[in-house]
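Enquirer: Chains as they are written, first to last, in this note's numbering: chain S, 1 to 353; chain C, 354 to 916.
Hints are supplied without guarantee of correctness; some may be wrong.
To be verified - Pairwise CB distance ranges, derived in the manner of DEER restraints:
#: 1; chain 1: S; residue 1: 41; chain 2: C; residue 2: 375; range: 43 to 49 Å
#: 2; chain 1: C; residue 1: 903; chain 2: S; residue 2: 29; range: 55 to 61 Å
#: 3; chain 1: S; residue 1: 16; chain 2: C; residue 2: 903; range: 55 to 61 Å
Stated by the list, open to error - When the alpha-carbon atoms are kept at most 25 Å apart in a straight line, the in silico SDA-like pairs for lysine to any residue are as follows:
#: 4; chain 1: S; residue 1: 155; chain 2: C; residue 2: 810
#: 5; chain 1: S; residue 1: 95; chain 2: C; residue 2: 827
#: 6; chain 1: S; residue 1: 114; chain 2: S; residue 2: 157
Claimed, not checked - Simulated coverage check for chain C against chain S, where a stretch passes if three residues somewhere in it have a Cβ under 8 Å from a Cβ of chain S:
#: 7; segment: 475 to 486
#: 8; segment: 811 to 821
In case anyone wonders, no lab produced these hints; they're calculated from the structure. Ideal Cβ placement from N, Cα and C applies to all residues, glycine included.
Here's the letter readout for the chains.
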Amino acid sequence: MNNAVLEIRDIVKRYQDQVLLNHISFSIQPKETICLLGPSGGGKSTLLRIIAGLEPPESGQIAWNGKNITALPPHQRNFGLMFQDYALFPQMNVKENVAFGLHMKKVDSAKIEKIVSESLGMVRMAEFGDRRVTDLSGGEQQRVALARALAPQPKLLMLDEPLGALDRTLRDHLLAELRLLLRQIDIPVIYVTHDQQEAFTIADRLLILHGGQILQSGTPSNVYSHPATPWLAEFFGFDNQMIGEVISASPLTIKTQLGNLRCLCAKNKVVPGENVILVVKPDGARINSEMDFPNQLLGKVGDSVFGGDHYKTMIHFNNGIDFKFDLDHLFSLNEEVYLSINPESILCFGKTQ
Amino acid sequence: MKDKRNWALLALPFIFLFVFYFLPIGNIAAISIRQFNSGDYSNEMNWRLTTSAFNFTVFQATLSTVFTILVGLPAAYLFGRYIFKGKDVLRIASTLPFILPTVVVAAGFNALIGPKGWINIILIRVLGLSAAPINILNTLPAILLAHVFYNTSIIIRVVGAALAQVDRRFEDAARTLGASSWGAFRKITLPILFPSIISAVLLVFLFDFTSFGVILMMGGPKFTTLEVEIYIQTMQFLNLPLSGILSFIQLTFTMLVTFFLMRIDKSGFSIPIMPRLQAEGMQRPRLIWEKVLCGLVTTVLLLLLVAPVAALVLRSILAADLNSTEFLGQGQVISLRNFQELFNNRRQSYFYVPPIQAIWNSLQYGFFSSLISLILGFLLAYGLRQDRKENRAVELLMMLPLGTSAVTLGLGFFTFFSQGVGSARWFPFLIPAAHSLISLPYVLRIIQPVLNSIPVNLRWAAGTLGASPRDIVRYIDLPIIWRSLMTAALYAFTISLGEFGATSFLSRPDLPTMPIAVYRYLNLPGASNYGQAMAMAVIILMVCVVSMFALDRLQFQAIKDSK
Numbered sequence: 001m002n003n004a005v006l007e008i009r010d011i012v013k014r015y016q017d018q019v020l021l022n023h024i025s026f027s028i029q030p031k032e033t034i035c036l037l038g039p040s041g042g043g044k045s046t047l048l049r050i051i052a053g054l055e056p057p058e059s060g061q062i063a064w065n066g067k068n069i070t071a072l073p074p075h076q077r078n079f080g081l082m083f084q085d086y087a088l089f090p091q092m093n094v095k096e097n098v099a100f101g102l103h104m105k106k107v108d109s110a111k112i113e114k115i116v117s118e119s120l121g122m123v124r125m126a127e128f129g130d131r132r133v134t135d136l137s138g139g140e141q142q143r144v145a146l147a148r149a150l151a152p153q154p155k156l157l158m159l160d161e162p163l164g165a166l167d168r169t170l171r172d173h174l175l176a177e178l179r180l181l182l183r184q185i186d187i188p189v190i191y192v193t194h195d196q197q198e199a200f201t202i203a204d205r206l207l208i209l210h211g212g213q214i215l216q217s218g219t220p221s222n223v224y225s226h227p228a229t230p231w232l233a234e235f236f237g238f239d240n241q242m243i244g245e246v247i248s249a250s251p252l253t254i255k256t257q258l259g260n261l262r263c264l265c266a267k268n269k270v271v272p273g274e275n276v277i278l279v280v281k282p283d284g285a286r287i288n289s290e291m292d293f294p295n296q297l298l299g300k301v302g303d304s305v306f307g308g309d310h311y312k313t314m315i316h317f318n319n320g321i322d323f324k325f326d327l328d329h330l331f332s333l334n335e336e337v338y339l340s341i342n343p344e345s346i347l348c349f350g351k352t353q
Numbered sequence: 354m355k356d357k358r359n360w361a362l363l364a365l366p367f368i369f370l371f372v373f374y375f376l377p378i379g380n381i382a383a384i385s386i387r388q389f390n391s392g393d394y395s396n397e398m399n400w401r402l403t404t405s406a407f408n409f410t411v412f413q414a415t416l417s418t419v420f421t422i423l424v425g426l427p428a429a430y431l432f433g434r435y436i437f438k439g440k441d442v443l444r445i446a447s448t449l450p451f452i453l454p455t456v457v458v459a460a461g462f463n464a465l466i467g468p469k470g471w472i473n474i475i476l477i478r479v480l481g482l483s484a485a486p487i488n489i490l491n492t493l494p495a496i497l498l499a500h501v502f503y504n505t506s507i508i509i510r511v512v513g514a515a516l517a518q519v520d521r522r523f524e525d526a527a528r529t530l531g532a533s534s535w536g537a538f539r540k541i542t543l544p545i546l547f548p549s550i551i552s553a554v555l556l557v558f559l560f561d562f563t564s565f566g567v568i569l570m571m572g573g574p575k576f577t578t579l580e581v582e583i584y585i586q587t588m589q590f591l592n593l594p595l596s597g598i599l600s601f602i603q604l605t606f607t608m609l610v611t612f613f614l615m616r617i618d619k620s621g622f623s624i625p626i627m628p629r630l631q632a633e634g635m636q637r638p639r640l641i642w643e644k645v646l647c648g649l650v651t652t653v654l655l656l657l658l659v660a661p662v663a664a665l666v667l668r669s670i671l672a673a674d675l676n677s678t679e680f681l682g683q684g685q686v687i688s689l690r691n692f693q694e695l696f697n698n699r700r701q702s703y704f705y706v707p708p709i710q711a712i713w714n715s716l717q718y719g720f721f722s723s724l725i726s727l728i729l730g731f732l733l734a735y736g737l738r739q740d741r742k743e744n745r746a747v748e749l750l751m752m753l754p755l756g757t758s759a760v761t762l763g764l765g766f767f768t769f770f771s772q773g774v775g776s777a778r779w780f781p782f783l784i785p786a787a788h789s790l791i792s793l794p795y796v797l798r799i800i801q802p803v804l805n806s807i808p809v810n811l812r813w814a815a816g817t818l819g820a821s822p823r824d825i826v827r828y829i830d831l832p833i834i835w836r837s838l839m840t841a842a843l844y845a846f847t848i849s850l851g852e853f854g855a856t857s858f859l860s861r862p863d864l865p866t867m868p869i870a871v872y873r874y875l876n877l878p879g880a881s882n883y884g885q886a887m888a889m890a891v892i893i894l895m896v897c898v899v900s901m902f903a904l905d906r907l908q909f910q911a912i913k914d915s916k
């Protein structure tokens, strides 16, 4: 961690008495791509604007290579920022937009010409140089905005929901492209999104921002398999949640309304008698009538929705608990089934969360 | 830090407004209060003058408004609902009143119905009369006619535009639910239009109430409104205390109406009316009553809007002479003599400068006042850009000159800046200040929305790409708003060129503006003076028409830009 290029230290920002960023700290390694993931309105864009110097933080510091740059105005930072709605200058054509940053740096015009055509080539927009930006489609605008942000060779690239304004198909297509492109450039990247799929595709490291705080950070697979809080579990779509009471800490056994359930481990140290929240992952259930499996439960099949390689099936248990599981087969309505739940798929969160 | 910059931008406009608005207007208030307290005002003569001027002002404004509604509402209905032959011509013609200065309109009506006007010339020639048979000038109908000319367009614009915006499906729905076509209009459309009708009517009343040039030039000595009385008391009798009190009454009244207007405007224009393509709800007149209404309105509007202007232009180039016995076409040739006369200084006296001097003066005043109002408007728009609570108050403050009549403003300047010996000599230099104060609200309203419509993202993007705040103004803001800056400058220039009310207090006899010159020529006897008045009025007319087309093009381009 010592060779971090960008350090965000203890940033606080309030907006109309509401704490938007509550002592945020993290750092970025050279060439690292990090994703700030979190629901809309969580202060992600504000954080980007603070890093870019467009807004002052209330307290805290931004440091580049150990040097405090918190007070440096945006135009002297040389950080590229690509905006959600691209913010292309309407009075300039594609080329002029891309050349703007170079023009500001007083690069000589022959060199500008060269860099602009390279940048446009990189995003496969070489033919579009003389077009008006208002005549471009959403996807084309997105590429131009990216070329514009990259042309001045920024020390850091920030992307604020770069695919947010595009429709699903185009987004999937551009996402793959963007992933390749971000691997090619050798500068650190901060990518802001509310979309998990995007974040998983792009990120070397994921930071989950919610309620003004970074709830968890780590590689995408790590964060997804081991969400740190029930909120994070729900954020990743793990809706099957219930409360329980610890009976034994080793092996970890929890008393619930569905009976005693075995879990592999808890997120934090728990003691017998403690109340905990259990999250059951949807892919953790197998249809199984042999009684010697752990966590054997009897349920009644509810609504089933075809979901590609599985059926999202609602299972009604006794006591009014309804869980959704991804099952391999289609079962008929009201059919009674025995499910066994993999202890690894049960996440246990103690009270201290 | 940002706050400091904000106030620095607003400082200059504030100082300007303080010196050229609050001090002069405050001075009027001070004069009238002093006068009132001294008890001097209790003399009967003053009371009678005041009440009669006030009563007549209200009377003529009410009457004018009623006639304007009678002509304007059917026209607005037609414009908002139908496509018909001549609509485009009428659309252009209906913008004339917005840009024509009162002196031009007065000259136009003079050329049409005045004793030396076309109707009288033709009647004299045809009927062989010895004197002009129609003496409508200097009567109440002349005033009403000019006011209807001026304000019909307001009704057409405000109400017609609102009507065109009303979704036709509302009425269609009402029809399917059993309403007659009149019933659907009355129960559905009319209530939606009501706020815009009210605000149009209030606006018309305000304009009629503060009308100055029209009353002075078309009503003659018999009719005095508050505005005219202020002018007479100041310029003829130097009775400043009485002018002050009249002004004070005027100001209170106009502020009240303006206040109501602003309140209605705010709630009224925010009705959720689905914006749809303008042409979608339009139809051609099919039924007989539709066709009759269409023909009638078209004829009336053409006569009302086009005839005076055409009469003026023709009168300026046809050297028609009342005393000649020849009829049109016999010896009556098109001549530019009237225009040539403008370059001669026949009288050689000190006060009668060559008319070309008036043109030069007007151009200079116009240049400087549009420059001043542009700078102030730009600073204001920038200073008010950040969204904050105080902005609303500042905006209201800057709109105050809108609710102040030009004559009151002129009087304020006249009384406040006349302290000190020989100060009157400097009055002409105050003219650009007065003019820019009058055009500032319009300039602000043109620049501000465009500047505010620039997404903040654009500036942020420029900032992260290395643009300093000054670069952002230069490369982002200015290229986007320059058209509206041009529009605003042209608008201010046109206002200045035609401004009469305030100028009439401030212009020096040897430094007249074009409108002042027209007024003076119209009041002097003699065919040559009359011809020169016509020629000068035509020059103003031409400048106004050219700038109208330029404004139209600029706005069209600006709309295209914003898409």
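Enquirer: Next step is simple, just say for each hint if it's right about the structure.
Expert: Here is how each hint holds up against the structure:
Checking the proposed 43 to 49 Å range against residue 41/S and residue 375/C shows it holds: the Cβ atoms sit about 44 Å from each other. Checked against the hint of 55 to 61 Å, the C-beta distance between residue 903/C and residue 29/S comes to roughly 59 Å, which is consistent with it. Separated by about 45 Å at the C-beta atoms, residue 16/S and residue 903/C break the suggested range of 55 to 61 Å. With a C-alpha separation of about 21 Å, the suggested pair residue 155/S and residue 810/C falls inside the 25 Å cut-off, and the hint holds.
A C-alpha spacing of about 19 Å is found between residue 95/S and residue 827/C, which places the hinted pair at or below 25 Å, so the restraint holds. Of the pairs offered as hints, the one joining residue 114/S and residue 157/S holds, with about 21 Å between alpha carbons and a cut-off of 25 Å not exceeded. Counting residues of the segment 475 to 486 of chain C whose beta carbon lies closer than 8 Å to any beta carbon of chain S gives 0, which falls short of the minimum of three for the stated coverage. Only residues whose beta carbon comes within less than 8 Å of a beta carbon in chain S count, and the segment 811 to 821 of chain C has 10; three or more means the coverage holds.
Checked against the numbered hints above, the structure violates hints 3 and 7; every other hint is satisfied.
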